[in-house]
Amino acid sequence: MGATITEKILAAHAGTEEVDAGDLINAKIDIVMGHDLSIPLAIDELERIGADRVFDRERIVLVPDHFTPNKDITSAENCKQMKEFAKRHRISHYYEVGEMGIAHALLPEKGIVLPGDVVVGGDSHTCTYGGLGAFATGVGSSDLAAAILTGELWFKVPESMKFVYHGNLPKWVDGKDLILYTIGDIGVDGALYRAMEFTGEVIEQLPMSGRLTMANMAVEAGAKNGIFQPDRVTEEYLRGRTRRPYRIFQSDRDAVYADVREYDVSQIEPQVAFPYLPSNVKPISQVGNIPIDQVVIGSCTNGRIEDLRVAAQILRGNKVAPYVRLIIIPATQGVYRQAMREGFFEIFLDANAVISTPTCGPCVGGHMGVLAKGERAISTTNRNFIGRMGHPQSEVYLSNPAVAAASAVKGRITNPEEVVKN
Amino acid sequence: MIFRGRVWKFGNDVDTDVIIPVRYCQTTDPQEFGKHCMEGIDPDFHNKVKPGDIIVAKKNFGCGSSREPAPIAIKAIGISCIIAKTFARIFYRNAFNVGLPLLECKDAPDHIDEGHEIEVNLDTGEIRDFSLKQSFQAKPIPLFMQDLLRDGGLMNHLAKKLTK
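As you go down the protein sequences, you meet chains A and B in turn.
Last residue of the first sequence: number 1073 in my numbering, and the count goes up by one each step with no gaps.
Last residue of the second sequence: number 541 in my numbering, and the count goes up by one each step with no gaps.
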């Protein structure tokens, strides 16, 4: 009987020949990530039990990305606690504010997470790294502390679900639309406890940015991880980013799946997720008239250079609608510099957008774009739960960067076709 | 381990942003987390709950973020355990890791209503509803997981191991 890529990675890290779905295993961890919201609880716990040490200072990554640059005294204290921990243990991968990025964009960009790795992070969107063919999953602060201390965690081997995408992607449809469409199909618990494996000819053509976007939102379907088989696109992406050796795993032809879903994507339109669940999706043609107050383009889901390129294409020569705020957040300092080099800042500023330093800020209702009571935003982020971006009576709609940028121009949720005439 | 208490009822997909919005997650004080518990659904929830009360919810309870303050907040206001049809996986791990027991049961959430008096036995998985005079069967919690709960969560459990 064959094995899936997820099973093979977990078996290799548990030191056994093979594992089956449902097995409880103890796995070695390659990379552990913590950020300014998840790490303080973990550090407190380590100190409390008298175990202020780390299993391997080169395999721990600490990124101040949520409430940074420090939005208030409490966030400053949290970041200070993380910085002091990093100094005390000489953590190799600590990224101060001028080198940082949103962790899930930063770690792939820096070549820190690699195919075949087992990665855990104190953040639910840690599943993003599955875009590179790693097994990556989010954990809470206690598991984070245990992983920092021991370099191991127990896991239940998840069943895998296979998603096969056929056809050709229509214009203005990208990885974000594929994953929203998929979550719309299976629901926010459609892959509960499972691995989502993304395959098919559309996926083979999908650039790394789109793969990272899709893997990022696997957790929004309840999945433990999302994963892509490493291929030519992966190898090209990794070139020049790392010297650490890595292993390529592939699913066997006779691997066992709990479910297989096949989609023909040729007729798919850009998707919009309505409040208050990421599964509440409609194609752009059925959205109707929805005026907006704010647009956010950024986040671990859609803050990479490819996303900003699409936004620039739409915004070039256009202005943001009156009374609408457009907040553009390059996900890393690297993306920021690249966007500047490609001349996007000129386009964004001409359009009356603001450009923020990298931060998770508005996505979690933290800072840099919080919503008032009754306000409505369209955002390229990943969650639209009640109160996610601010007041419990505000609303968040989720979309790809093209729809978000076009909506900023029109002041209501808009098909990019309306703004960019061929 | 056995718990007895009054039921608070919730529906499907109760997410971590309604359990506790991220803007209140900047502290490490459980009582502070507790003050905002379920704020997205009922801002006064923490004042209504009595120690020992039990949450009964439908599917996918705790979906969303990996924030550990979510189960910590629920535990801090005195909830003794949560019964749901299914739980989101990170929330499931986090709850046991902070010493908050969860029971998965397919049928009980369809019958047990708010205000009912119920008893939950983790050893046997039996849920008794005194208001309905009816019992339901959930999967029991293995003894090693109950040890984790008794120690008050993963870190206390590890601490105990380290000192042995």
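The hints are simulated quantities; they were obtained by calculation from the structure and are not laboratory data.
Take these hints with a grain of salt, some might be off.
Once the Cα atoms are required to be at most 30 Å apart in a straight line, the calculated DSSO-like pairs of lysine-lysine come out as [as the list claims (entries may be wrong)]:
id : chain 1 : residue 1 : chain 2 : residue 2
1  : A       : Lys679    : B       : Lys412
2  : B       : Lys462    : A       : Lys734
3  : A       : Lys807    : B       : Lys483
4  : A       : Lys933    : B       : Lys462
| query | Keeping to a limit of 30 Å between CA atoms, is the pair of Lys679/A and Lys412/B held or broken? | reply | 38 Å, violated
| Taken at face value, is the distance from the CA of Lys734/A to the CA of Lys462/B at most 30 Å? | Between Lys462/B and Lys734/A the Cα gap is close to 41 Å, so the pair fails against 30 Å, i.e. violated.
| Holds or violated: are the alpha carbons of Lys807/A and Lys483/B at most 30 Å from each other? | 21 Å, holds
| said: Please verify whether Lys933/A and Lys462/B have alpha carbons no more than 30 Å apart. | reply: 28 Å, holds
This entry does not satisfy hints 1 and 2, going by the numbered hints stated previously.
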